[in-house]
Amino acid sequence: MIPAKFDYIKATSIDQAISLLSQHGYEAKILAGGHSLLPAMKLRLNRPSVLIDIGGIDALGSITDEGDAIKAGANCTHYEIANSNLVKSHVNVLSQTARVIGDVQVRYRGTIGGSLAHADPASDYPAAILATDATISVRGSNGARDISATEFFQGIFTTALGEDEIITSIRFPKTANGTYVKFFQSASRFAVVGCAAVKNGNGIRVGITGVADTPYRASAVEQAYDGTTSAADHAIDGVDVMSDHFASEEYRAHLAKVFVRRALEQL
Amino acid sequence: MTTNYIGQPVKRKEDNRFLTGKGRYTDDIKLPGMAFAAFARSPYAHAKINSIDTSQAANAPGVLAVYTGSDECGNFGVPCGWLVHFKNGEPMKEPPHPLLAVGKARHVGENVAVVIAESLQEARDAAELIEVDYEELSVVTDPRQAVQEGAPLVHDDAPNNTVYDWEIGNPKEEVDAAMDGAHHITKLDFKNQRLAPNAIEPRSYIADYDVNADKYTLYTSTQNPHLIRLLMCAFVLGIPEHKVRVVSYDVGGGFGSKIYHYTEEALLTWASKKIGRPIKWTSDRTEAFYTDAHGRDYCTTAEMGFDADGKILALRVHSEANLGAYLSTFSTCCPTYLHGTLAQGCYTTPLINIDITAAFTNTNPVDAYRGAGRPEMTYILEHLMDTAALEMGIDPAELRFKNFIPPFDGVNQEGYQTQVALQYDSGNYEGTLRRALEMVNYENFRQEQAAARENGKLLGIGFSTYIEGCGIAPSAVVGSLGARAGLYEVGHVRVQPTGKVSVFTGSHSHGQGHETAFAQFVADHLGISMDDVEIHHGDTDQVAFGMGTYGSRSLAVGGSAIVKSLDKIIEKGAKIAAHKLEAAEGDLEFANGQYTVKGTDKSIAFGDVALTAYVPHDYPEGLEPGLDFSSFYDPANFTYPFGAHICVVEVDQDTGKVDIRRFIAVDDVGNVINPMIVDGQIHGGVVQGLGQALLEGVSYDENGQMITGSYMDYAMPRADDVPFIETDRTVTPCPHNPLGVKGAGEAGAIGATPALVNAVMDAIAHIGIRDIQMPLTPERVWRAMQA
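Residue numbers (my numbering), protein chains in the order written: chain U, -18 to 248; chain C, 47 to 833.
Chain U extracted, bound-state conformation:
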């Protein structure tokens, strides 16, 4: 559990972090809360030669009310997200999601930006990101841009982030009525199935994580939604369901329908 050697640079501004990232390229890794990166480094599965620590950049840190949306800085910890009154009042599905990530220690250190950039297919946030139709704001050497929720997640540990881009904030449209339900993997407490659902006018939006190698919007459920829970049967329409030591494809597919139904029951 001793990482290979690496250099450590503490960035003091977003610009500096981006320029360091451009300079070191593939050799570098951004360090936020470190709760995914450091275990991988300790097992020597990941061996960056440079760590760029963005933890001290104040500009990445706050949760603000933007009128029709709540903006969370990339460095906000899961604990801050879970306990923010702004989030609770205006994007309660996000608060519910953050509350069931990892354990207390993880929630105090892990950050929303770090989690999203890491893109573990069993992580919790993507369900809420998709269900709220959030926008991920990123910056790189070519400037800033916004990435929509549905474009951001591209595969296992793969996102739309460019090589020298970092996430700066996430913008969540206000959606007061929402819920996140999750079936915990018994060892890691990641999501075997995580389902976020929010009211959207007369309709709903549903985001699902843990089921496929890429978190997805359950469009078939959204279209079939008739105010009852019967739409849950469409939870995995058109989806390649994952299989692992904890849940076979068949069982996971079943759980997806169960947890979509439970989410719909709570809406």
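Simulated from the structure, these hints should not be mistaken for lab results.
These numbers come from a predicted model, not from an experiment.
Please note: incorrect hints may appear among the correct ones.
[Stated by the list, open to error] List of simulated lysine-lysine pairs, DSS-like, C-alpha gap at most 30 Å:
#, chain 1, residue 1, chain 2, residue 2
1, C, Lys76, U, Lys23
2, C, Lys503, U, Lys238
3, C, Lys94, C, Lys320
[Unchecked claim] Heads up, incomplete: computed chain C residues facing chain U, CB under 10 Å, no partners named:
#, residue
4, Arg331
5, Thr332
6, Asp700
7, Gly702
8, Lys703
9, Ser756
10, Met762
11, Arg764
12, Ile815
13, Gln819
14, Thr823
15, Trp828
[As the list claims (entries may be wrong)] Here are the in silico distance ranges between beta carbons for each label pair:
#, chain 1, residue 1, chain 2, residue 2, range
16, C, Asp441, U, Phe138, 35 to 43 Å
17, C, Ser165, U, Asp39, 30 to 38 Å
18, U, Asp218, C, Ile753, 26 to 34 Å
19, U, Asp39, C, Ala497, 56 to 64 Å
20, C, Gly79, U, Leu24, 26 to 34 Å
21, C, Asp817, U, Ser30, 47 to 55 Å
Each residue gets a CB set at the ideal place from its N, CA and C atoms; glycine is no exception.
Keeping the supplied structure of chain U fixed, place chain C upon it in accordance with the hints.
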């Protein structure tokens, strides 16, 4: 004897140290000039080692030495501590277990080479530079497959990978005949799955050879420092024992996994002399998963035959036990003398035959893990009982009452002679079950269950009435069964001139609370304050000898040895007191720390007697000065704690997830010194038992790669997985040791597992399901319900 402390929930003296981070664990020790070791371990479960190139590693920065199995250390191997014989009388197969792999590697994680460097970082970096040319061989990981003709051979000289075959009980023909005549036979096939012990402190060793004194010191996170010294000196390295000191201060949990003499201990000790420096190695969590001896791993076929009235007629069990790639220290006695001998359970079963085949496989060695053979046997018996009750339509509690051995105290009634060699000391099995039934409010529960089923809720209740054999062990008995060590204990009591008391015990605390519980009964025996008693353990230069802590033996055996010394002290003190009081020794009584002339107010305090013993100016003629006694205590029998555990669960019909609603544990561990510590032991054991039933399990894939080698994949129970544990006790004292204690360390882990599994079976029994394999993961339960 006074009883100011015995029976009181005295807060643990050692906890202040532990809770404020001031414990003294091996990895906390930093010696001047200390170097660090890192291992290159086999990535293959079975592979021929064609060559090892260490040149790059040897030239890497900071590297002091690199060793492989081709060096002298490859000639040394760690021994097995218990000889079991085949049914035909031949000794078991006992191939060498070299300190570093020689010729081939037999499990993933086996030590192939070691690097010693100035820093841990440098040692780790250099270990990655060792290049091994492996040639992969075919692999076997399952014990039932391993003993089949044609399975890959783990050791060339162990045909069919068989370590031994063994049986105990009544002749097989008699048991078969009784089975043939049975009204009903309940038969189960199951796997008692492999578990990783997961002590919170990983194994840690520092070996320090002192060239000036020509003496070795080994700091080690072990449960039995003297045993490690004995094994390493006499059986591995050939070093004279008086030249070696083994120190084991605070140890963060063991659960059995720190009993054994591991290759790394001997290797570091050997290498420390080679390089003339102290060397430290601390396992990381990954290494712990791969190399700490695992527990359980039996494939079992078990049958119980009943008459029409539900009386047990016979029990027949055949198991293949997986011992892994090499024989760990006590591995061989677990499936035999700690397992087969418990097949009587709490029942009057008249005919029993237990037949075991132990197998080598390409997996990490398996040895005793909290309960050691007894949880596996208890699981067989108790899972059979609840299943039989379901099959025969008899209430599971009633089925037990029909079959319990009637109460006996071992004093007025004789001990109970089992069909499987042991004689139980005392027991009242129906007493614990009656109490547990009261606590769960059984009749109410069955009504609640029926109502819940109407509403589509799956409630279930499961029972386990266990017995275990602990207080290990009478030396002559275990010697006749193949143990290569005696299993007595040493208790040394030194009364200081001021009347303060230092106690040296050969048993060892790695979380059990010896410093408190031992001080309680010592203080009461001498009628002094607990603050005036200090318990020392874990240093072979301080404690005369000892066999350590496992098998719930500390109080029953270690405590009894101390009592023997206390008795000698009180007796010698009486001679001094009689002299000072000018009275006859026979006229004195000793109570509350005072020797008093009976019927008078003439008395002398224990402290004054102690001072007189060390300042013997006015002193009995011919009596030696000093007040200091050491005793060996070899128990007359094992002790047999027992209990009744009841578990109530709700199964989620949608997901198969099991929610434990209630857990009731009524245990009888004999007399209780500290009820808080006993409760803590029960709680911890129950949680481990529930962990096995519901969550835990080491899995290997078809290539022998462990797929559960981290906490991301190996599910340990967490606080929110377990309910509030409702405990109570009955007290049936042990009739053959002076404290009347039986031991509480393993009870929870033995009783809990079948109670939970039986509860789940009960919850879904009406669907027609009779068995699910542990761990009862949500998917397994869900699948069973779909069938």
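| Interface hint outcome for Lys703/C [beta carbon to chain U under 10 Å] | At about 8 Å, which falls below the 10 Å cut-off, the nearest Cβ of chain U leaves the hint on Lys703/C intact, so it holds.
| query | Does the alpha-carbon distance linking Lys76/C and Lys23/U stay inside the 30 Å limit? | reply | Given pair Lys76/C, Lys23/U holds - Cα atoms ~23 Å apart, limit 30 Å.
| Arg764/C as chain U interface residue, shortest Cβ-Cβ below 10 Å | 8 Å, holds
| query | Can Trp828/C be said to touch chain U, with a Cβ gap under 10 Å? | reply | 6 Å, holds
| message | Check the hint pairing Lys503/C with Lys238/U against an upper bound of 30 Å on the C-alpha distance. | response | With Cα atoms ~20 Å apart, Lys503/C and Lys238/U stay inside 30 Å; holds.
| said: Does the beta carbon distance between Asp39/U and Ala497/C stay inside 56 to 64 Å, or does it fall outside? | reply: 59 Å, holds
| task | Let me know if the C-beta of Thr823/C comes in closer than 10 Å to any C-beta of chain U, holds or violated. | result | 7 Å, holds
| With a cut-off of 10 Å, does the beta carbon of Met762/C approach a beta carbon of chain U closely enough for the hint to hold? | It holds, given that the least Cβ distance between Met762/C and chain U is near 7 Å, below 10 Å.
| Pairwise beta carbon distance, Asp441/C to Phe138/U, judged against the given window 35 to 43 Å | Check failed, 54 Å falls outside 35 to 43 Å.
| query | Against chain U, is Arg331/C within 10 Å by beta-carbon distance? | reply | Hint on Arg331/C: holds, closest Cβ of chain U at ~7 Å, below 10 Å.
| Taking the closest Cβ pair, is Asp700/C under 10 Å from chain U? | Asp700/C check passes; min Cβ-Cβ to chain U is 5 Å, inside 10 Å.
| query | So does Asp817/C sit 47 to 55 Å from Ser30/U, Cβ to Cβ? | reply | Check passed, 54 Å falls within 47 to 55 Å.
When each numbered hint is compared with the structure, violations occur for hints 12, 13 and 16.
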